[in-house]
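Chain A is fixed; fit chain B onto it per the hints.
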Amino acid sequence: MPRRRDCNDDAVHEEEEEEEEEEEDESYRRRKRRRSDFIDDLAEEDDEDDDNGGTGGSGRRRPRRRTASEFFDLEAAVDTDDDEEEEDGEDDFIVDGGAEIPDEDGGRREYRHRLLPQEDQEEDLEELTRSIKQRYARSAHVEYDEEATDHVEQQALLPSVRDPKLWMVKCESGHERKVAGRLMQEAINRGSELQIRSVVALDHLQNYIYIEACKEAHVREACKGIHNIYAANIKLVPIKEMTDVLTVECEAVDIARGTWVRMKRGTYKGDLAMAVHVNDMDQRVIVKLIPRVDLHALANKEGREVPKKKAVIPPPRLMNIDEARKMKIFVERKQDTRTGDYFDNIGSMSFRDGFLYKTVALKSTRTQNIRPTFDELEKFRQLDEGGNGDVASLSTFFANRKKVRFMKGDHVIVVKGELSNMKGHVEKVEEDIVHIRLDQKDLAVETLAFSDKELCKYFEKGNHVKVISGLYEGATGMVESVEGHVVNIISDITKERLQVLADKVVQSSEVTSDLTRIGEYELHDLVKLDNENFGVIIRVHSEAFQVLKGMPGRPEVALVGLREIKEKVEKKGNAQDRFKNQFAVKDMVKVIEGPYKGKQGPVKHIFRGIVFIHDRHHLEHAGFICAKSQSCELIGGSGENCDRNGKPFSSRLVPLRTPSRAPQSPMRSSGGGPAMSYGGRQRGGRGDDALVGADVKIRLGPFKGCKGRVVAIQGTSVRVELEAQMKVVSVDRNHIADNDSVSTAFREPYRHGLGSETPSHPSRTPLHPSMTPIRDHGATPIHDGMRTPMVDRAWNPMSPPRYNWEVGNAASWGSSPEYQLSSPRSTAYQE
Amino acid sequence: MFFHIVLERNMQLHPRHFGRDLREKLVSKLMKDVEGTCSGRHGFIVAITGIESVGKGLIRDGTGFVTFPVKYQCVVFRPFKGEILEAVVTMVNKMGFFAEAGPVQIFVSNHLIPDDMEFQSGDVPNYTTSDGSVKIQKESEVRLKIIGTRVDATEIFCIGTIKDDFLGVISDPGANA
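Protein chains in written order, with this note's numbering: chain A, 1 to 831; chain B, 832 to 1008.
It should be emphasised that the hints constitute simulated quantities derived from the structure, not laboratory data. Certain hints may be false.
[Stated by the list, open to error] Pairs of lysine to any residue residues, derived as SDA-like cross-links and limited to a Cα-Cα distance of at most 25 Å, are as follows: (1) A:K495 with B:K969; (2) A:K495 with B:D995; (3) A:K495 with B:S952; (4) A:K495 with B:G913; (5) A:K461 with B:S952; (6) A:K461 with B:D954; (7) A:K604 with A:A622; (8) A:K495 with B:D954; (9) A:K495 with B:E970; (10) A:K599 with B:E970; (11) A:K599 with B:Q936; (12) B:K925 with A:V557; (13) B:K969 with A:E620; (14) A:K495 with B:L916; (15) A:K504 with B:G933; (16) A:K423 with B:F911; (17) B:K966 with A:S481.
Extracted from the complex, chain A is given alone in its bound form (with noise of 0.2 Å):
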């Protein structure tokens, strides 16, 4: 076709040129004429239409026959007439032709056609310049005519139940192009014989090619003796769907320079370049690659010749041509011809500013959807430095980009067109289609439309925002400086800086550290990994976590995967200090020896001896400190600790303690037990009260079976609130059973107390005044007890532990225990 094209321009050049070229076209002619010889014997009626009135719509079986013609006229040895109808459609699909292609050029044949008999008579040219003046109105016509087929026309082609079905059948795998050819070759002997239109085998269609044809007899006939298709085995495409049989998904590739690519195979498979220079007509393009080149390799083989295959890939790594020199490798240096540019040769590889440029076939890139990563952006931009590259590179991978999400009230900037660095907010959202008000107020008066890619996201330092993609997925922080499109953040957790595009970040007000679950670990987690190895997690990336060891001394942060841990640890065991005190999850402790001597926090998690405290004051390991308990002191009014852990179970001895609390924490679990020896300050049977809104079950008794709960304790009776029955009885205290399943109405002030404690512990002081409130107030218990439940978790939510005092929940002093607790210990605070 190309050869085609250049005898038509020839022969718009002047005379002289044209007798030369006579000869030339001779020959070419001579074997033209062969061609349209059988072209006219096939399809003169068809050139007649073609003539009056051939426009691209008028059908698509012709362009077709003609490819077929031509590709018999010129590849093929001249056959009969009949067979050219089987084949054309194949050989169609086969050389992957478009429809467009053939159409024109169909068109361009007549003319020539008509043109040469001119010629062969020598006509002036006058004459000549007209029929070439005729010609090119003619095609420019068509031209026109085919852009403007509309989708009418094309519905029209659309296969029809008159038109032959397609067939679908099987054949065996990887040799579907084979039995396409024996097809071929058996409409090429057998002629009409054979019934079948046309044979697709489809390159991305495995164990399957498609047979055209009226009746599924024909297929089964021309299936006939070939091998490798299973002919048993025919199914019909459905009208509707044989479109999509024969759809091509063409890529728009655009490419343009600048643009990012992905290599697609080789030692480059995978790895991003630049797009340096397109060459459209021959589908290449130059890229900019950072190579992966292994010197020594190199080295050696121009020494001594050894063709060793290495398996392994060089890592990539800028191209230092002194090195290579070093090496003794020749290294030429040339000037590329046309752009001027000095390339440094090392074999046929040539490397300019450290990167390789390497000229590929566009197939063997990949152009769509293309996300460079920070890190790939950051080796390219390390040595454009101060180039055009960085802005430039970076504003055409905004262009590359897929989806932006622009949102309503998004602060913006113009990185395209004359607009460009002006900053605006979205309006609207159409689509592709932003509308933007500018900040410059002269200008704000009406909305700006623009493409989605004109548009990146703006921010100013200090802004709080958060990442949504990409690997820091889901952190937050707050913008420290901007550079292009990158953003700067400082996260708001790990006070780490993170780098991060515009592109993936959002305004936000919220405080998370990143994601914080996989599964079914979460940040902060204590995790077996395997038999010796536990560590709690302290960050969870987007498929891995770190894990901070489980090893005192010194810290060990281990990247796990989701499948490397083995469990998670949900056991809350207790250790002891240096002083035997013993701790529990949540009591703050501080370290007293080794590497993080000094430091306090509560503890997190106790296993194996080793606590994890979270010290809201170290930065490294999102807090974490792992210590022995041994090493740890107890803080926070030690001194009672010891008393009251001297016996931590002896609140099990008391009769009628609810069994469930005893041996959750001996802290807590004082709470009765104490009370007993400390009752010169409480009033007698004080610790009774803990079962004060305990849950209970009668054994005995007319109400035998019936559960409960304790409102009062008289003397050796108590009265039971009956869950069944609307009243209150009284039963003899020997004659209940204290319910395992303890009430939430009674846990909800214990687990409030407890995590309370330790930030609430300076105001303890306060409390103490109002001892007498009280006391005062345990003298009438109904009161008490029918409080404790509703009014503490009345007022929890609302106050924090601070305000406790002054908001007055006397009530639940007396009767929570934790506050039993707390008050001996606050007299030691205030000695």
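The following block gives chain B in isolation, referenced to the frame of chain A:
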């Protein structure tokens, strides 16, 4: 920046405080209550300077507590973006340093410290210029500019920079000693 403003708060008072010095009790409770707290809108309440008015108390059903609406004048401190502050360095690490200006904690990232200052780990971690003339360590006083604030319910956190003209160390404890 400091402001002197009037705020209002509903105070709940336990009946045991009712008596002659109810008002005093109320004020002392108010002071305990609000001084040192922080709200995103007004910033840190530094000190109560006076009581404007105490409204009528309302007895709350069931508890005996009385709610008084109290209007009080107070000094509040609220950091703003772009504000220049003088602060005391409290902690230095490789990521930058923390400084405190009164109740506000400010973090200065190492990227916001002039490039010629390098982190020196050791017993007293510090940032030092290459010639050793300027040193930022714990207890140093620095002048910094706030570039961003984050307001939590109970805390205002700022990020600052000393990478600008006239910012940096204003007194060095090491030099004085």
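A:K461 and B:S952 were given as a pair; does the straight-line alpha-carbon distance stay at or below 25 Å? 28 Å, violated
Original post:
Would the pair A:K495 and B:G913 pass a check requiring their Cα atoms to be no farther apart than 25 Å?
Top reply: Within the cut-off at roughly 20 Å; holds.
Is the straight-line distance between the alpha-carbon of B:K966 and that of A:S481 25 Å or less? 24 Å, holds
*asked:* Can you confirm whether the C-alpha distance between A:K423 and B:F911 stays at or below 25 Å?
replied: Roughly 23 Å between the alpha carbons, so the hint for A:K423 and B:F911 holds.
Has the given pair, B:K969 with A:E620, been kept, meaning a C-alpha gap of at most 25 Å? 18 Å, holds
(Q) With the threshold set at 25 Å, check whether the alpha-carbon distance from A:K461 to B:D954 stays at or below it. (A) 33 Å, violated
Query raised in the report: If you draw a straight line from the CA of A:K495 to the CA of B:L916, is it 25 Å or shorter?
Result: 21 Å, holds
Self-check item: Satisfaction of hint between B:G933 and A:K504, Cα-Cα up to 25 Å
Solution: Between A:K504 and B:G933 the Cα gap is close to 36 Å, so the pair fails against 25 Å, i.e. violated.
Is the Cα-Cα distance between A:K495 and B:S952 25 Å or less? Roughly 18 Å between the alpha carbons, so the hint for A:K495 and B:S952 holds.
- prompt: Going straight from one Cα to the other, do A:K495 and B:D995 come out at no more than 25 Å?
  reply: This hinted pair holds, its Cα atoms lying about 21 Å apart.
Measure nothing beyond the straight line between the CA atoms of A:K599 and B:E970; if it is 25 Å or shorter, mark the hint as holding. 19 Å, holds
Check whether the Cα positions of A:K495 and B:K969 lie no farther apart than 25 Å.
18 Å, holds
The structure shown violates the earlier hints numbered 5, 6, 15.
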